[in-house]
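J.: If you want the building blocks of each chain, they are given just below.
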Amino acid sequence: MKKDFLLEIGCENLPSGYLDGALEQLEILVKEGLDSERVKYDSISVMGTPNRLVVRIEGLSRKQEAAEERIVGPPVSVAVTPEGTYTEAAFGFAKSQGVSPSRLSRVMTERGEYLAVVKRIRGRSTTSILKEKVPQWIISVKFPKLMSWDSSGFRFARPVRWMLSFFGENVIKLTLGNLVSSASTRLSPYFESSVAVNGIAHYFSIMKKHRIILSQQQRRTVVRDMAREAAQTCGGTLVEDDELVNVVANLLESPVMLTGAFDRDFLKLPREVIVTALKSHQRYFSVSGKKGKLLPSFIAFADGARRNTKEIVKGYERVLQARLADAVFYYQEDTSKPLEEMAKKLKGVVWLEGLGNLAQKTERIEELALWLRSMWSISAERLEENIRRAARLTKADLASEMVKDGKEFTLLQGYIGREYARAGGESEEVAESIFEHYLPRFSGDRLPERVTGILLALADRLDTITGCFIMGLEPSGSQDPYALRRQALGLLRILIERKIPVSLPETTRRSVELFKAEGLMSEETNLEELITRIQDFFKQRMNVMLRGEGNDYDLVMSVLSAPWEVPITVREMTAALQRMRDRGELTPFVLSMKRIANILPQQMKEGFTRGIGSRSLKGLANENVQGLNFSIELFREDAEMDLYLRAAEASRKLLDLEKSKELDRCFEVLSELVPAVNRYFDDVLVNCEDRELRDNRLSFLRNLYQSFNLFCDFFKIAGE
Amino acid sequence: MSEKTPPTFQSITQTLLQFWADRGCVIWQPYHTEVGAGTMNPATFLRVLGPEPWKAAYLEPSKRPKDGRYGENPNRVQQFNQYQVVLKPSPENVLPIYIESLTALGIDPSKHDIRLVEDDWESPTLGASGLGWEVWLDGMEITQFTYFQLAGGLELDPITAEITYGLERICMYLQQVDDIMKIEWGGGITWGELNRQAEREFSIFHFEKADVSFYFEIFERFQREAIRMLEAGLVMPAYDYVIKCSHMFNILDARGAISVSERTSYIARIRDVARQTAEAYLGERQRLGFPLLKRRPGGRRERR
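Residue numbers (the numbering used here), protein chains in the order written: chain P, 5 to 724; chain B, -6 to 297.
So that you can see chain B by itself, here it is in the shape it has in the complex (with noise of 0.2 angstroms):
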């Protein structure tokens, strides 16, 4: 990629899918509900428990409702795109790999910083954790780094190595511009004319207007019909309840509805079920017989 025209938005994204699928990698998609990070999708927070290998990539659009800054602020913003890989079990070679696709964007090793700096990576809503880095280019954090250690509180063997790049992050230092809206998207359109509007709104909605008690009670009954779900056996239902519980929870912490002291058993509520899920899921893989080991070593299902 030549220096003078830097790649759009859309040209990364494209890169980066394509770079994995060469890889070996299932191309997934984004989830269809509200997710704060593409770790929360069904393809990495289900898919690293259990034995079954598995390496996917995909878009992920995420959303922290706190961010918001009404489309004025150059670096924050409510909703923004990651793009996450999961390689399990993490290859030995993952991290020369990685470095291999920031080649593969445009960022030569050799003329720049790259560095990992060590970033311990918690969720306490979905009792999961890893170690591993943020990676610095040239100072600014483009991607995390993670070998995944615990997911819905269970010990996970083999290991998956998650890689979430920052995509409006990539992009601002290979366009070198210094605000999310000056973006290139592709198509002559900025990501500030396809975002701005969406910014301010929902800037507005989460922190001035939502519903705080239709909020708090969706919340109550997104959670009992996860429990519900888990009790009829549902795994992937219930999932998405949890999912949504997280969500629910996410705006009414932006509107400012919740106090310290419930923030911590809110918390406590979500990674409750998100660990039942988990232990759900995993007892259903086992049922099924965990279908995705029966794999030729080519990469290529068996076919009858």
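In isolation and in its complexed conformation, chain P is listed as follows (with noise of 0.2 angstroms):
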């Protein structure tokens, strides 16, 4: 009952970026659309090469599953009369169902009793469904383009010239365009001639005889070991790059390694500068010898075994030469002038349209990252010197020969201006630190270490943000065209594990400030506004990073919603919450806090923001209490003098924890009120007859209320 499935999708080179994707969505299509069909297997298998997309089905059952479906026809009240016999409607239904009326049954459903049938569908042959669907899998697969080729409107992302189809030992016919599977493959799409195939286990036989690894998994093996080997055997150690690896498996589906060499002369090179060209346009790997130095070496793979692989080694030495030949040029010319020179010719080059150019950038940079440092407090040698030099020379390299050219150096910079900076004579901290300010470039990528670069870093990151907030090109949806969202991302991940306690809205006030000062603001800007678009922006950043860190999503949101400053207090609160809640301490906590507010009238709780909880926390710590509104002479229980004094004297301690950066510790102070609190409410009647006595009660808890939501929405808090 049970045969196996083989399927080959052979096209004209797919891109190497785009064959893992194409293969996993394979995958999925074809299981889910088996079960949705109900057709049984073993196992499924997706594999493929640049040339050819492979699927194996083992165990692939020659029927679909039966099934019964149920039909829902008229309602009971209807179909059926109080007797207990049926009406026309029960009978027409049976007829429209081509049942007797024997047949029908009664089911409840959420509207009612209702008259049904059950029928029972047989299967179908595993055979026609899958020529039905295997053509919608395989159009149904996503790619990031895709193109046309001929008249038949099916689209790829290149063009599919043959289809291999099996069912056990039959093929099937399958069409997709102009194509019908047959039972022969091709070994090459460079080639028109096939090979005949009479079955599923011939045509792996065939691939392997033919040394074609069908499994991308097993290329990526052989590549990297092939290449490990071949650097030894040069005498040194491979450079390890596993998307390079990656890359390679894609290209080929028969891989075969050569070694080649270049000259000495260009290891004068910065090795990064090397190992880019060997590798960015190329397509080679690099060996390092003794002490990380590079060895003139170089490993690459052709597609296939070749008669003459001398003359294809020459072939990719000529290519390379020429390549470092142009950095070596490049380099020359760059070197030749001190990187200050290149620096001014920033001037001249745009950042983003409306927002000046590339040295304007610079100078933000340095006046930011000093107003960083003074709220940071933070001190070291010669800082300030140290940062306005860096600063200067951070984009330096954009105006680099080998950083302009837009190809593949491109991806170097902030190397290069680190390189050119130690060729030029620049402090070691300086030098470091222009590489160091574009860190963190990806998700998991170091942070700068420096405290200049760390400085840099943070107000580059802040000043991108800001203009492009300023342009209107923040990010929407999907679109993310300047990766604000990384950019946001990686300066909060600064901010947080180097625990920097700076105020992020101030920062970006200052930020702001900067670009007005240049006039590159309009004057109709409103900046408050603007302050707050952006503040929105890292707030939903740091959602994602407290969620991605495993805080529950209350919580997260809970702590965001009160008005924050610190990134890093915000992080360490709600982790505090987060272990209230793991040791099951939260919920008693919350809900006495969420008293506070409830008994408030919803008018007293509105336009709340952080000048008004200082406010009141402030004067609740200092038991100024005729600027808060309520007086303590009106207070007639015992309870409330109780939790006045409780209340002021924790005011008092969240004051010092906010004075030495331990907002983290603010929930066990506020959860010590906890039994005052309660008290107040069991002894108080707040909402009393006497207007007075209210008024005042509502104006002193109103003043809790204020002060303890600087710290955390316990609103947002669920469940509690």
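Read the hints as simulated data drawn from the structure, not as lab findings. Built from N, CA and C at the ideal position, the CB exists for glycine as well. Worth double-checking, as some hints may not be accurate.
[Stated by the list, open to error] Label-pair restraints from in silico Cβ distances:
| # | chain 1 | residue 1 | chain 2 | residue 2 | range |
| --- | --- | --- | --- | --- | --- |
| 1 | B | D113 | P | R215 | 26 to 32 angstroms |
| 2 | B | S258 | P | D39 | 52 to 58 angstroms |
| 3 | B | S258 | P | R42 | 57 to 63 angstroms |
| 4 | B | G181 | P | K213 | 47 to 53 angstroms |
| 5 | B | T257 | P | N602 | 56 to 62 angstroms |
| 6 | B | V205 | P | S381 | 51 to 57 angstroms |
| 7 | P | S480 | B | D113 | 22 to 28 angstroms |
| 8 | P | D24 | B | Q168 | 37 to 43 angstroms |
| 9 | P | G448 | B | D112 | 25 to 31 angstroms |
| 10 | P | F208 | B | D113 | 30 to 36 angstroms |
| 11 | B | S258 | P | V548 | 33 to 39 angstroms |
Join these two chains into a complex; the hints should help.
T.: The structure is reproduced here in structure tokens:
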């Protein structure tokens, strides 16, 4: 009852970057397709090369499983008389379904009791299902770009030129576009000649015989192992690069390793320039010798065995030679003058349309970095001098021949700046900070280490975000052309992991002011609204980040909904709430906090700001009740005075915590108030008849609410 | 072809011409005004539009002012030669035929690493794009192979396959020279002997001497002329002025006279007339009843 199935989709070289995605999708499409068609199978494997996508299903049932389908008809109230006999409606339904009335049954639905009929559906043959569905699965594979190549309307990433398909020993004729699948394959899309295949096992033996490795994982392993071995033969070790292994493995189906060499003279180029020249365009691997210095060798892969590898290697070498010669030319041009000269050219380089040039950007980076330094109150030897120097040079390499030509070396921005700074005799702190200011470049990348690098990295990111928001280029939906989300995440990571307790809204304000001072904003721009938009954007990023760290959604929201300023505090406070929840301490605490808020009329809670909260907190801490609009003389119950005194004490502690940057402990302090709050609500009738007493109580509670709301919006916490 | 006597530039051109003539192509000619690529020759840009079948092959001297290096760089020049082949509709076996053409040039696929490397081609000035590859011969790019998808902003059906051979690259490879100037052209003369003077002088002209205000002025006038001709229903003359605009832009760009922000708007202006020309061409061909559709399957025109 079971047979194996094989499908090969023969393509003209699919782009290497498309292959993994296509295979993953194909596997899901086939699995879900067979499941929804109720066709059973033992296993599915999907594999492929740039020239062929292959699906192998083992133990595929020859028939679809039978099924029962229930069709619901008229309601019982209409179809059955009170005496229990069927009406015309019931007979009509049975007739329309082609069954005798005796097969009608009753079912209970949300809308009441209905008549229904249960029909048995016989399983179709798997062959007919495959003929219908396989072409649909293939065209459902999504690619970054699709193309047409004939007039059939079939679109794919590259032309599909043949299909092979077997179900057991038999060929199934699948139709897709102008193609019909057959029992033959091609060894390469370069040649029209095809190879007859007489069965599934035969297909795999043909592939094996021609050293075509169908599994992409296996090709990766083979490429990596061969490259490592070759590097050892060259007398060094492979410069490991997973990305390159993946690209190479998906560029070919029958990897053949070749080694070549380049002039020793090129080794005077900065290491990454050589590695990039080898990798980016030519996809060659570099070999590292002792002490991390490169060897003048490379490792390349050809597709399929060729008869004169010597000449192929000569070709590779000639192309590489030309690329490295270009790099040497750039390097000599660039290092013939000081980096400062290059920085001056940035005046002529537009940064973003309407936001001035890159020289202006570096000036703002300098100012913002200095400002951040004073907020962070960090000091280091010659810090100000280093910041000023490095800031001016941060973007200088963008005007270098090496980076500005827009080709492979552009990826080395920052690195080139550092190398040129070193070559020009800049201090290590300055040179290294030029490189570090681009960190992190991607998620999981390392962060800047040096104080100067950290400050420049923060300033550059915030400047970009502010600039884009001014120009209305903020991300929306899947659109984020300036990668602001990544930049924001990088900024937050640095602030948090490097423990920098600066206020984000204040820093943003400073950044906005710098744009304003340069006249890069229209007069009508509403500064407050702009700062709020940017802050909301950071809030979303914080949300993603904190949830990614495993915090509950509601806790993240509750902390982020308070008027927070310092990212690291937000993170610590969220973690503190999470710990309380994990220990089961959160519920009683939140309940009592919510009791305070619940009793207040809505208008008392509206328009909450940081300023209002701080005033209440400071007033309570200083026991300066006049300013807070309530009076101790009007307290009648012991519980009122008790809560007041404890709240004042707590407020003083909270202010201390704020000063000592230990706000993660604020919930500990607040939870000490729980018994007093509960006693208050047990003993005191807040909404009493006496208007004067009532207003005084509400006013007191309002101040508590405003003080505590500074740290967390308790209403956002679910369940409790 | 014996490996000991490598082919000359002119024999390579001759081989390709014969190869594609044998496969039913019209052997067309380079265009008579400056173009940046064979794609801009009306034999490609306009003929790919609409339903009429078209197979053509031609040499195209391609002018790219920015790439000039005063005749001093072994790989970069301001004018090089493409061999352009367009096949519409693209035959099912177009890739095998292309590989066969390499064999005809003496490049044995069993001895070389011939690789198709993803390269999605796009010409912002022509509003044209296609998907395909660069073809690498032992690591060196020798051909652009493109399935045209869009021209003048119009979606294409049938699809044209465009094969653009980089003749100098192929020649350098076959003659095993590492300097373009050393290519043996034919008749005992080298590429450098023929072109070095022009390379030097045009580089000076494009980078230093071209009269910027004159070129800005004629750009404007050429663009107006293109529009005027479109209004008069004269598509082919209009297209000539589109190509001229494009070349004027390239000169101004090489001269450093166009700022980053202006660049986009100049490109958009050319694209705009290119698009209108493409639409007008299609309209005119339709009015003429798409004459090239009326062909016998054998390839010969019907005779009365």
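J.: Against the earlier hints, flag every one the structure doesn't satisfy and list their numbers going up.
T.: Violated: none.
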